[in-house]
Amino acid sequence: AQSVTQLDSHVSVSEGTPVLLRCNYSSSYSPSLFWYVQHPNKGLQLLLKYTSAATLVKGINGFEAEFKKSETSFHLTKPSAHMSDAAEYFCVVSDLTLSNDMRFGAGTRLTVKP
Amino acid sequence: DGGITQSPKYLFRKEGQNVTLSCEQNLNHDAMYWYRQDPGQGLRLIYYSQIVNDFQKGDIAEGYSVSREKKESFPLTVTSAQKNPTAFYLCASSDRGQTDTQYFGPGTRLTVL
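Quick note, the sequences are listed as chains A and B, same order. The letter at position 98 of the first sequence is residue 98 when you use this note's numbering, and the numbering goes up by one with no holes. In this note's numbering, each residue carries its 1-based index in the second sequence increased by 1000.
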């Protein structure tokens, strides 16, 4: 079975400082990994996706994530936080060999202080 | 404009009543999904459908029902058998299957009084 753990339920940063949202996964096979963002009372928007190509994945709004198989991690980073980045972020793992198994992390709420 | 629409955005119902949430997509996606979101718990899969006239139970299907009569539509009925129906419900679709990128609708917040 596969699973994903987001290590922080809440992260607070100041505007202009780096963002790090941590995600560890467990998967028996070659996983696909995603990061989604959700603003209050909205649906989820895809930030980026890893599917066994380059290990450093660049997404929208300046976010990127690095797949590290040895550490089973897929942390999300951004060099400089903006006020509009305040939202809930979800790490998701999907197994390419299973037909119906996509697992969501519990989410990390990012707060950006002025 | 391509996308997924869910209606209504907010829904209030009395306990014991069935209620149907709408989900429509014009992305020509084969697969559609319903998730439930509760605070601090991420998303949990209720039902999914990979093709018209076929659907499968997810992790928390009890108390819910779905239909998939048309490719673009995947309505979810929350029945009176669902013990804690108050939640935020999200619909999603993907092109070829559940391992593909899923695109989400704006959600419906259901409150049962």
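Just so you know, these hints were derived from the structure itself, not from any lab. Mixed in with the good hints there might be a few duds.
What the hints assert, rightly or not - Heads up, simulated DSBU-like pairs for lysine-lysine below, C-alpha to C-alpha not over 30 angstroms straight-line:
| # | chain 1 | residue 1 | chain 2 | residue 2 |
| --- | --- | --- | --- | --- |
| 1 | A | K58 | A | K69 |
| 2 | B | K1014 | A | K49 |
| 3 | A | K58 | B | K1014 |
| 4 | B | K1083 | A | K49 |
| 5 | A | K42 | A | K113 |
| 6 | B | K1083 | B | K1014 |
| 7 | A | K68 | A | K49 |
| 8 | A | K49 | B | K1009 |
Against the structure, the hints:
Our distance criterion of 30 angstroms between C-alpha atoms is met by K58(A) and K69(A), whose separation comes to about 17 angstroms. For the given pair, K1014(B) sits about 40 angstroms from K49(A) by alpha-carbon distance, which is inconsistent with the 30 angstroms threshold. Between K58(A) and K1014(B), the direct Cα distance comes to roughly 46 angstroms. Violation of the 30 angstroms bound is thereby established for this hinted pair. Taking the CA atoms of K1083(B) and K49(A), the gap is about 35 angstroms. The hint is violated against a cut of 30 angstroms.
Distance restraint check for K42(A) and K113(A): the Cα-Cα separation of roughly 22 angstroms lies within the 30 angstroms cut-off, and the hinted pair is therefore satisfied. As the CA atoms of K1083(B) and K1014(B) are separated by approximately 13 angstroms, the hinted pair is consistent with the 30 angstroms bound. Proposed proximity of K68(A) and K49(A) is supported: the alpha carbons are some 14 angstroms apart, at most 30 angstroms. Between K49(A) and K1009(B) the CA atoms are separated by roughly 28 angstroms; this keeps the pair inside 30 angstroms, and the hint holds.
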